[in-house]
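Chains as they are written, first to last, in the numbering used here: chain A, 1 to 509; chain B, 1 to 375; chain C, 1 to 370.
Worth flagging that the hints you see were computed from the coordinates, not collected in a lab.
Bear in mind the structure is a predicted one, so any value in this text is a computation, not a measurement.
Keep in mind that the hints are not guaranteed to be accurate.
To be verified - Listed below are the simulated BS3-like cross-link pairs for lysine-lysine, each with C-alpha atoms no more than 30 Å apart in a straight line:
1. A:K404 to B:K303
2. B:K361 to C:K4
3. A:K404 to B:K196
4. B:K12 to A:K425
5. C:K357 to B:K254
6. C:K357 to A:K386
7. C:K4 to B:K254
8. C:K357 to A:K327
9. B:K361 to C:K176
10. B:K254 to A:K316
11. A:K111 to C:K357
12. A:K327 to B:K361
13. B:K303 to C:K370
14. B:K303 to C:K124
15. A:K378 to B:K361
16. A:K61 to C:K357
17. B:K254 to C:K248
18. B:K303 to A:K327
19. A:K378 to B:K303
20. A:K261 to A:K425
21. C:K4 to A:K11
22. A:K61 to C:K4
23. B:K229 to A:K322
24. A:K202 to C:K357
25. C:K357 to B:K361
26. A:K404 to A:K386
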Amino acid sequence: MSESQIVLEAKGVTKQFPGVLANDNVDFDLRKGEIHALLGENGAGKSTLMNLIYGLHHPDKGEVFVNGNHVAIHSPNDSIAAGIGMVHQHFMLIPVFTVAENVMLGDETTKRGSLDHLAVAAKITEISKQYGLDVDPNALVGPLPVGIQQRVEIVKTLYRNAEIVILDEPTAVLTPQEAEDLFRIMRDLTARGVSIIFITHKLKEVLAVADRITVMRAGRVINTVKPSETDSAQLANMMVGRQVILTVDKKDHEAAEEILKVEGLTVRDQRNLETVHNVSFTVRGGEVLGIAGVQGNGQTELSEALTGLRSPISGKVTISGKDLTGKPPRIITEAGLAHIPEDRQRHGLVLSYTVADNMALCDYYQIPFSVRGVIQPKALDENSRKLISAYDVRTPSPFVNAGKLSGGNQQKVIVARELSRNNVKLVVANQPTRGLDVGSIEYIHSEIIKMRDRGVAVLLISAELDEIMALSDRIAVMYRGQIVAIVDSKKTTREQLGLWMAGAHVEPA
Amino acid sequence: MQVEKQSVSLTKQILRSISEAGLIPLLAIVTAVVVGGIIIIIVGGNPIQAYAGLVEGSLGSTKALSETAVWSTPYIFAGLAVALAFKGGLFNIGAEGQLAVGAVFSALIGYALPEWLGFALPAIVHMPLAILVGMLMGGIWAGIVGWLKAYTGGHEVINTIMMNYIALNTTSFLLNGVMKDPSPTNVIARTPLIAKSARMPAIFDGLRVHWGFILALLAAFLIWWLLNKTTLGFEIRTVGLNPDAAQYAGINVKRTIILTMVLSGMLAGLAGSIEVTGLNYRHELGFSIGYGYDAIAIALLGKSHPLGIVLASFLFAIMRNGASRMQFLTQLPVDLISMLQALILLFVAADAIVRYIYRIKSKGERVVLTRGWGG
Amino acid sequence: MDFKRFGFITLIIIVLFSVVVMVGQAKQPPLLIITSMLATTIAVATPLTLGALSGVFCERAGVVNIGIEGMMLSAAFFGWLGGIYMFQIYDMEAGISIALGVIFAILTGGLMALLHAVLSITFKVDQIIGGTVINILAVGLTGFLNRQLFFGKGSVFGGSVPSSPGVLPTIHIPIKELFSSVCGASTACLENVQAINRVFDQKPIALGAILLVFFSHYVLFNTRWGLRTRAVGEHPQAADTVGINVVKMRYANVIIGGMFAGLAGAYFTIESVPSFEPLLTNGRGFISLAAMIFGNWTPIGAWAAALVFGASQAMLINMQIFRDVIPPQWSFLQESYIVGLTPYILTMFILTGIIGKTTPPAADGVPYEK
């Protein structure tokens, strides 16, 4: 397998975006029937390279060869014609369409002017049988679990006879077991001659599944290696460009009094579906309770209900004995909540406000920021300068709009604002490091642990199992709106948690 | 040293941002004037003569200047109304209706209150009361739409337009009925004249420019102060820019939406009240028509900044006031002005077109003024 | 269309019809009132139906179109003007002039929509602002040209509005002729058949609009074009990744939508009455949008909602006929200004979502950026 024919080759690809050199003279090749992993941090340029190959962006320089022939790729039509298919990190599926409609879109079969659903459904059934994908062509895509949606995406590429399949961060939304399942599908595909580019930032996965690994950093290819010739530490080093400490330094857990108490909480989402059922747990001062689970199992609505963004249907939420069920965010904040929201650009920041304004976004109405209804710019300024240096926010000035900062620095603005408040008793951090570079991740992890060590209660919600395991003292697993298990983090394993995340009812060990 | 350098660069930055903010509207006006000139030539007119007529008719004499100020007064109020709503993330197309409601109620208080009470009111009470009631009714009229937006998600764009038609129908009903001027010579739908005690005095003898003009300038300053210096202004702007973040930050989004709409309606109502108490001394049907769209154009041209709105209002007043002179000189219909204004608006709204024509690079940040139907 | 909304529509129509029947039965038999109400409803719902279809195509493709009002207004003007030019200046036959007028109107709608497309798709102007610009431009342009061309200096028409070639003829569907034999000698039966026939005696745009509703529904939900249109309105990135040209699809649909609005404009000045007056569309473009929203962005649903508005307008028209027999305790029905509020209040009520919330296409109003 190792020295078979090269099916795809990119030579000297360069792409400049405003302010970033996303790809700098990148060379990459893919051999027939191999899984070639493309490894790198967020923002290393992996997705850009693939979008260039797939025709969604156009390279400033460089060429692409398919089966040795130079191909000019101007749009996805060209890459589809060349036999390239791509499964994007954010699925390119239309929720209100059926599986068949999604699959045929752009390559429709018609009969006397009408869409021929039957023919398409038959072909989908055939493909899914052949590769063990098991999708129902007539199902509506929206309500399908993410694992199945991903299969629909794979069917979409095979429906177009793709021989080269690009998978962009495919495991980000999967449980460990679902990921194993995906790896099996990937091996099935390669066994039938399909070649796969597997984009990820997870070291364990590439070592488990890849035939070759190419590491990218800051828009450049650092090296291409074989899994047998490398290890996690070396790969991490290549990815980040320095020694990385893969574990979080954390002292032993000193449990204190109960801060957050949640009893029988039930919440509905905006479609009026009950996404959190009868959830109960407590978080003590000085501990981190991690909530593990695949995205979309009610974590969003749970955190919204705890922070006042959404009213629960029933149940009770108390902080230090004070009943805060269904209270608006301001009351909860004043009772001691610090909230690092899931979507920092949607909830956490006003992007066209300055860093200084954003750093007082929740306290603007209080002295010293406001006196008798009038904003005090001097107080905002002083506060922001203090926080910028204390939390190492990289910004040219406090008067720069938050939208101009990098993702990591935007998150630091939020972390600084929330954790610096002087009455904090409880931190709710939802996906606090999603999409960030390793440096920012390490920093935010250390700040969360600092809060815990100061005796603050921390509720950490994350879809990254590694993050949950590294930071939490106790771990609760959420599945379909319920807490299916709460365990001591030292007394469990990834596999055990993965089973719970997938809904298996296993008695805690 | 470092601090000083920073503050210098900050002033520079502010100056630059002002000139940048003004540049696109200015170029839009220039482009519209050129395109308007071409249209004048096509229909067989002389554009230079036409534009000279406009300027002469609006700025050529003390009286012309006074009339321009008179024209600009309701524009400033109505433009501020739309701009304030824009800042709060709301699109108020209903200035026209709010203005009509304000005018009707000011007129009612102006002519009927002494009758109801049975005694004459002193001007110091009567005039402010007439204005206040008109302003409040404008606020309530818009507040209904704000409430619908906040609590039902009914989109303010369609609702404000519906409220315009409701206002127009209702005022037609009133002005043709119970509120109709009973004087035997009257055949049109208008109210009786308001009492002398409800009238706003002129600033100078012999000129029509009244204190309402000063009030309009004052309102522009107050709105600027409110938006940029107060906690309430911070809340309005935050809801306007990012309602999700506003909710997260503990701002009562629903209340702010309603309040923004009420304030906006109060400004539009003032436009009507001031015209009644300061200029016409009555409300006449049809007077309000067209103000809603003009107000939108002014708010966009003024980039929703109070100073910009004052300047844009002057420009619109110059065009309206100079139009009759233009018509006299060139026989071009006054309606040409409406088209000229539409062209200005087109080029202001589509600043990308202006940037494209004059090869000006965009700063990359898109300002979102309104949102889709999502509510 | 779900049961709740369908029920609401039926209920409102029944209520509106009942009021007219109750008032008018002193003057005319109920069947005649009902059939003439139906005929008027279908006729006056025409521009609303077409306007709503215009909105459906634009918004299904992801472009909010608040400029329908302006598109209708300018199409009404230029269609009418085109007819006059053909008839008076080029001496064409009245019939041909009228037909060409309709084509002018459709093209005007398409051109205004092209402007909206350039603004909102190419230049990514805020789409609601873009639509408002279309509306203001239409008012300015038609107001100016209406004055300049007919009364301006050196006008070809020399200071007066010439007569237009007229309006489209009524198409007679021979129900009366077909069924009169069934009645035999019974005059009552004959009268009933005649009354029913009135419902179907409509003009071409009114009948065409109904056919277009079903045709649009078929295109949108059963064809490749429809699938792609809905895809770019729901998730343009997804459409792009399978090789669909998002910009082209959006342009095409906005222009198609504009042509529907243009046909709606033709209704006012070529089908309904042969004259133009400034601002004659009177908010019906906006009411169309409400119908589109209430119809959940589907052609058939939007048509049903448009019929409700049509019925409320038909009631106003019929109240004028029965003005003299309105009972004194119902005297407010004499006030056309008050009865005339019905469609506007109905619109606001519908938008509250009390009768069921509707969901716009996910990418409606969002410019596409790669």
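Hint check results:
| no. | hint | verdict |
| --- | --- | --- |
| 1 | A:K404 to B:K303 | 22 Å, holds |
| 2 | B:K361 to C:K4 | 52 Å, violated |
| 3 | A:K404 to B:K196 | 58 Å, violated |
| 4 | B:K12 to A:K425 | 43 Å, violated |
| 5 | C:K357 to B:K254 | 19 Å, holds |
| 6 | C:K357 to A:K386 | 47 Å, violated |
| 7 | C:K4 to B:K254 | 28 Å, holds |
| 8 | C:K357 to A:K327 | 26 Å, holds |
| 9 | B:K361 to C:K176 | 69 Å, violated |
| 10 | B:K254 to A:K316 | 25 Å, holds |
| 11 | A:K111 to C:K357 | 35 Å, violated |
| 12 | A:K327 to B:K361 | 47 Å, violated |
| 13 | B:K303 to C:K370 | 28 Å, holds |
| 14 | B:K303 to C:K124 | 17 Å, holds |
| 15 | A:K378 to B:K361 | 33 Å, violated |
| 16 | A:K61 to C:K357 | 50 Å, violated |
| 17 | B:K254 to C:K248 | 39 Å, violated |
| 18 | B:K303 to A:K327 | 38 Å, violated |
| 19 | A:K378 to B:K303 | 27 Å, holds |
| 20 | A:K261 to A:K425 | 13 Å, holds |
| 21 | C:K4 to A:K11 | 60 Å, violated |
| 22 | A:K61 to C:K4 | 58 Å, violated |
| 23 | B:K229 to A:K322 | 35 Å, violated |
| 24 | A:K202 to C:K357 | 43 Å, violated |
| 25 | C:K357 to B:K361 | 42 Å, violated |
| 26 | A:K404 to A:K386 | 20 Å, holds |
When each numbered hint is compared with the structure, violations occur for hints 2, 3, 4, 6, 9, 11, 12, 15, 16, 17, 18, 21, 22, 23, 24 and 25.
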